[in-house]
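Participant: Sequence:
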Amino acid sequence: MPDQGWSRKTITLQNAIVVPPWESRPRTPSGVWKDGDIAEAAAWRGAGRMSLALEEAPEPVEKLEGHFLFAGMFYGHFGHFITETISRLWAANSDYDGVLFTPKHSTLTHFKKPHREIFDIFGIRCPTLVVKQPSLVENLTIPGQGFGLGEIATGTEEFRNFLRETVGKLPPNGPEKIYISRTKYVANGGLLAEAILEENLRRSGYVPVFPQAAVLERSVRTLPCRPENHQPGHIRPAHGRDGSRPGQGYCRHPAQEQCRTP
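Yeah, the sequence shown ends on 262 if you go by full-length UniProt numbering, and it's all consecutive.
Take these hints with a grain of salt, some might be off.
Below are the DSSO-like pairs computed for lysine-lysine, each with C-alpha atoms no more than 27 Å apart in a straight line [claimed, not checked]:
(1) Lys63 x Lys9
(2) Lys169 x Lys112
(3) Lys132 x Lys112
(4) Lys184 x Lys113
(5) Lys34 x Lys113
(6) Lys169 x Lys9
(7) Lys169 x Lys113
(8) Lys113 x Lys132
(9) Lys112 x Lys63
(10) Lys34 x Lys9
(11) Lys184 x Lys112
(12) Lys132 x Lys177
(13) Lys63 x Lys132
Just the calculated beta-carbon pair ranges, DEER-fashion [said to hold, decoys possible]:
(14) Lys112 x Glu59: 39 to 45 Å
(15) Lys113 x Tyr185: 14 to 20 Å
(16) Asn93 x Pro175: 22 to 28 Å
It is worth saying that the hints were derived from the structure and are not from the lab. Every residue gets a Cβ at the ideal spot worked out from N, C-alpha and C, and that includes glycine.
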C-alpha cells in the first residue's frame, strides 16, 4: 500500500543471499534469502508477485563484504525500468558500498547508457551492480517498493520526496507547448492517424518531441508539469514537480475533436 506498511520502511539483514533468476521466464524465483524467502524483497505488480518465492536455501557463489542496498528487479525495457526498477532507490545514498539489482531475465547482465543516465539524475554515486549469481552479502538493507504498477503507482510519500529532491530540482528548459510524439518510434504502439494529429498540433503552436531520440536529462528538462504539454494516453514521466504524483497521466488534449485532415 502506498500510504502505509512495508513499502515505506527498510530492513537490514546480515549475511543474506541475493539470488538472481536462473532462467528467462515471465516469472521465476529470485530475490533475497535469509532463513527463508524475504517477502519484503519481492517485486510486485498490482496484486501479482513478479519474483516468485525462493523455496530452498541457495548456495552462494561469491561474497560481498560491506553494506549494500537491495534495489530489486532490473527491467531492461525502459518503460518498466522507470516505473518498476527505480522503485526502491528512494533509500539510496552515498554511504552504501553498492546498489544491488536482480535481473528480470538471466540474459540481462549490465546497464545500458539510458539506465546509467537515470542513476546520474538520481544522484546515485555508489556502484550499481547486476547480481549474476547467488551472492552472500555481509550487510544488506532492503527498502520497501515505493513505486510501481497498480495501486502503488501513486508512490509512497518517501518516494515522492525522493523525486522532488532529485528530478524535481532540474530546471525546465524547452518549449512551453509540446506534444510527445510516437511518429518516429520504430516499435509497435503508435496512434492511429497520429501524423495528422501531430500536424494539427504543430499548426496550433505545439512542438513535437521525440523522447527516444533525446538525451535523457534533456527530455526530463523538457517535460515540466504544465497543462500545455500533451501526449496520446501515455504515462507522464515521474518527475514529481509542482506537487505532482508519479504515474499521474497527462490530461488528454481535445485534438481528436479539433483534428481536421489537411
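Participant: Taking only the CA atoms, is the gap from Lys184 to Lys113 under or equal to 27 Å?
Facilitator: 20 Å, holds
Participant: Has the given pair, Lys169 with Lys113, been kept, meaning a C-alpha gap of at most 27 Å?
Facilitator: 22 Å, holds
Participant: May I ask you to test the hint 22 to 28 Å on the CB atoms belonging to Asn93 and Pro175?
Facilitator: Check failed, 35 Å falls outside 22 to 28 Å.
Participant: Would you mind confirming whether the straight-line C-alpha gap from Lys184 to Lys112 stays at or under 27 Å?
Facilitator: 21 Å, holds
Participant: Just to be careful, I want the Cα atoms of Lys34 and Lys9 compared with a cutoff of 27 Å; is the pair within it?
Facilitator: Roughly 18 Å separates the two Cα atoms, so the pair holds.
Participant: Going straight from one Cα to the other, do Lys113 and Lys132 come out at no more than 27 Å?
Facilitator: OK: Lys113 and Lys132 at ~19 Å, within 27 Å.
Participant: Given the hinted pair Lys132 and Lys177, is their alpha-carbon gap at most 27 Å?
Facilitator: Measuring from Cα to Cα gives roughly 44 Å; hence the hint is violated.
Participant: Lys113 and Tyr185, beta-carbon distance inside 14 to 20 Å?
Facilitator: 18 Å, holds
Participant: Does Lys9 sit within 27 Å of Lys169, going by the straight-line distance between their CA atoms?
Facilitator: 25 Å, holds
Participant: Just to be sure I understand the hint, the distance between the Cβ atoms of Lys112 and Glu59 should be within 39 to 45 Å; is that true here?
Facilitator: For Lys112 and Glu59 the Cβ distance comes to about 30 Å; the hint is violated.
Participant: Taken at face value, is the distance from the CA of Lys9 to the CA of Lys63 at most 27 Å?
Facilitator: Within the cut-off at roughly 26 Å; holds.
Participant: Lys112 and Lys63: Cα distance at most 27 Å?
Facilitator: 25 Å, holds
In this structure, the earlier hints numbered 5, 12, 14 and 16 are contradicted, and the remaining ones agree with it.
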